[in-house]
Amino acid sequence: MVLPEGFALPPAQFLVPLAVAAVAVAAALWSADPPVTDRTVLAFVPWMLFGSSLHVLHRFEAYPDDLAVLFGTPSVYVITGTVAGAVWLGGITLERTGAVSSEPPVAAVGTLGFVGAAATAVGVQGGFGDVFWPLLSVVLTVLVTAGVWAALGRRYERVAAVTGATGALVVFGHTLDGISTAIGFDVLGASEEVPLSLLILEAGHALPTAEYVGGGWLFAVVKIALALVIVGLFREYVEDAPRQGRALLALLAAVGLGPGAHNVLLFLVT
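Numbered according to my numbering, the sequence shown spans residues 87 to 356.
Honestly, I wouldn't trust all of these hints.
Claimed, not checked - Using C-beta positions, here's what the derived DEER-type ranges look like:
hint: 1; residue 1: V341; residue 2: G215; range: 23 to 29 Å
hint: 2; residue 1: L282; residue 2: A172; range: 29 to 35 Å
hint: 3; residue 1: S187; residue 2: A110; range: 41 to 47 Å
These aren't lab readings, by the way, just hints derived from the structure by calculation.
Virtual Cβ for every residue (Gly too), placed ideally from N, Cα, C.
Let the hints inform the model, and build the full structure from the sequences given.
In structure tokens, the structure reads:
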């Protein structure tokens, strides 16, 4: 019910090396024991966008047939995370030599990857499509996130203060996923690959309001509420174990931002 259509593990000749590389990078990071701050999490935002762009290229069948399976779900996100972790290790090494803090190299490499993949997607499709609706989803996400986060700060000041920018990123990412999915489903005729999400969208279209405002709004509301629940539940964890709590909260932010960015880029070029 929660896995998207097309979710499949790659064959063993790809799965084993990928798993070994992911475990090796994770073990190296565990050993390095770097601090995880809001600044660290924000440095990985371009990587979340990069992984989404690589998956969009998979949707466009831009990869050679024998490698395409690596860029489907979930392999593309494991590959992106593993490479990002390796780059982070390099940044940590530079930081400990006094050359530079670890975040700028991580953000720079991720940004270059995202820009390159997004530009390739535009080129593969021969340019942009109708940019109004995907850009509107981004604008609405910024406005809704700002309003929701301000309201959270007034009502639950401690939650907003402790989770900080990472918590705000969780709200932004899931709001983008909710709003872009709603616009795609209601306006652009996009399909929904996650069965549970499709169930919520169909429930929204069964309401009397569907005739006037569509049904996607229910999915957006559920996603925003889910993000707020996540942030609220993680307040104590982040407070007691900042490194582990913030790292896990960042992963939950990626679960929203990744699909949301995927929607926006896909809609921009189709």
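Consistency of the hints with the structure:
| no. | hint | verdict |
| --- | --- | --- |
| 1 | V341 <-> G215: 23 to 29 Å | holds, 26 Å |
| 2 | L282 <-> A172: 29 to 35 Å | holds, 33 Å |
| 3 | S187 <-> A110: 41 to 47 Å | violated, 24 Å |
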